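There are 2 protein chains.
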Amino acid sequence: MSVHEEFMRRAIALATENVRSNAGGPFGAVIVKDEKVVGEGANTVTATNDSTAHAEVTAIRDACRNLNTFDLSGCVLYTSCEPCPMCWAASYWAHIGTIYYGNRAEDAARINFADAFLYEQLALPREKRVIPERELLRTEAWESFQAWQESTTKMEY
Amino acid sequence: MSVHEEFMRRAIALATENVRSNAGGPFGAVIVKDEKVVGEGANTVTATNDSTAHAEVTAIRDACRNLNTFDLSGCVLYTSCEPCPMCWAASYWAHIGTIYYGNRAEDAARINFADAFLYEQLALPREKRVIPERELLRTEAWESFQAWQESTTKMEY
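These protein sequence lines are chains C and D, in that order.
Counting with my numbering, you get residues 1 to 157 for the letters of the first sequence.
Counting with my numbering, you get residues 1001 to 1157 for the letters of the second sequence.
Relax, there's no trap hidden among the hints.
In silico DSBU-like pairs for lysine-lysine, Cα to Cα no more than 30 Å straight-line:
1. Lys-1033/D x Lys-1154/D
2. Lys-33/C x Lys-154/C
3. Lys-1128/D x Lys-33/C
4. Lys-1128/D x Lys-128/C
5. Lys-1128/D x Lys-36/C
6. Lys-128/C x Lys-1036/D
7. Lys-128/C x Lys-1033/D
Computed far set for chain D versus chain C, every beta-carbon distance over 12 Å:
8. Asp-1034
9. Lys-1036
10. Val-1037
It is worth saying that the hints were derived from the structure and are not from the lab.
None of the values given here were measured: they were computed from a predicted structure.
For glycine and all other residues, C-beta sits at the position ideal for the given N, C-alpha and C.
Here chain C stands alone, though its shape is the one from the complex (with noise of 0.2 Å):
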């Protein structure tokens, strides 16, 4: 069995306990670096009342937490699905330099989750998404992007 295998079954693993468990959607994931788990998670959005904790968010969330850096460079993440587009962007913030996944969108939009619908939404331009955006004082909110413009003490990420 190769590492990486041993790492997704990890995942898988927390995935299925999450089901039956009933924490939780069937997802898990787990943060690797230099070939040690440094965080784990699985999505928690009922259990925990957060609609954002998928198990990527999760196990980022955890990651950072125990590494006491907000910068996962050089960190894998396996996880037991492929990530929906808020878990792939969370992962490219997060500067995860490799993904393996399980599943794919297609297998989770056989089970009812929308990932897969997703990735069709945000290659559309704004105005065709499926949730109304409507652009307002665009030109008062650069204030604040001149201020970190001209911040002479910002942390950059």
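The hints should help you fit chain D onto chain C, whose structure is shown.
The following block gives chain D in isolation, referenced to the frame of chain C:
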């Protein structure tokens, strides 16, 4: 001043204050239900060592906590900048009804944030995106989905 402008100005103020206090990036967000603020957030990635702590995600989590639910149906998101794909998908999963934004993703690109780049990335097939993705143990991973399908006690979200 319309109520929409009032809530957007609050989101912009959170963003600017976040920069001035060195707490994080120039992003603020407010969640409103029935014309009352039910959640607020700013970008606290660096302050809290949580790479997922964008303003919208932080505001959604705050609203979920305050309303004691994972379902923000009927809520409106006011954000000082168009949501990145992580935050757009988080809004979808939370059942946010409408999004008002100030700056556009293109504006964020002008101060070196990757939001617009991420929209381009998510429109690509998975094998062309910047994070390498590898499929592994897809058949075994289906077991978790089967457990979900067969569960008679699951809570959908």
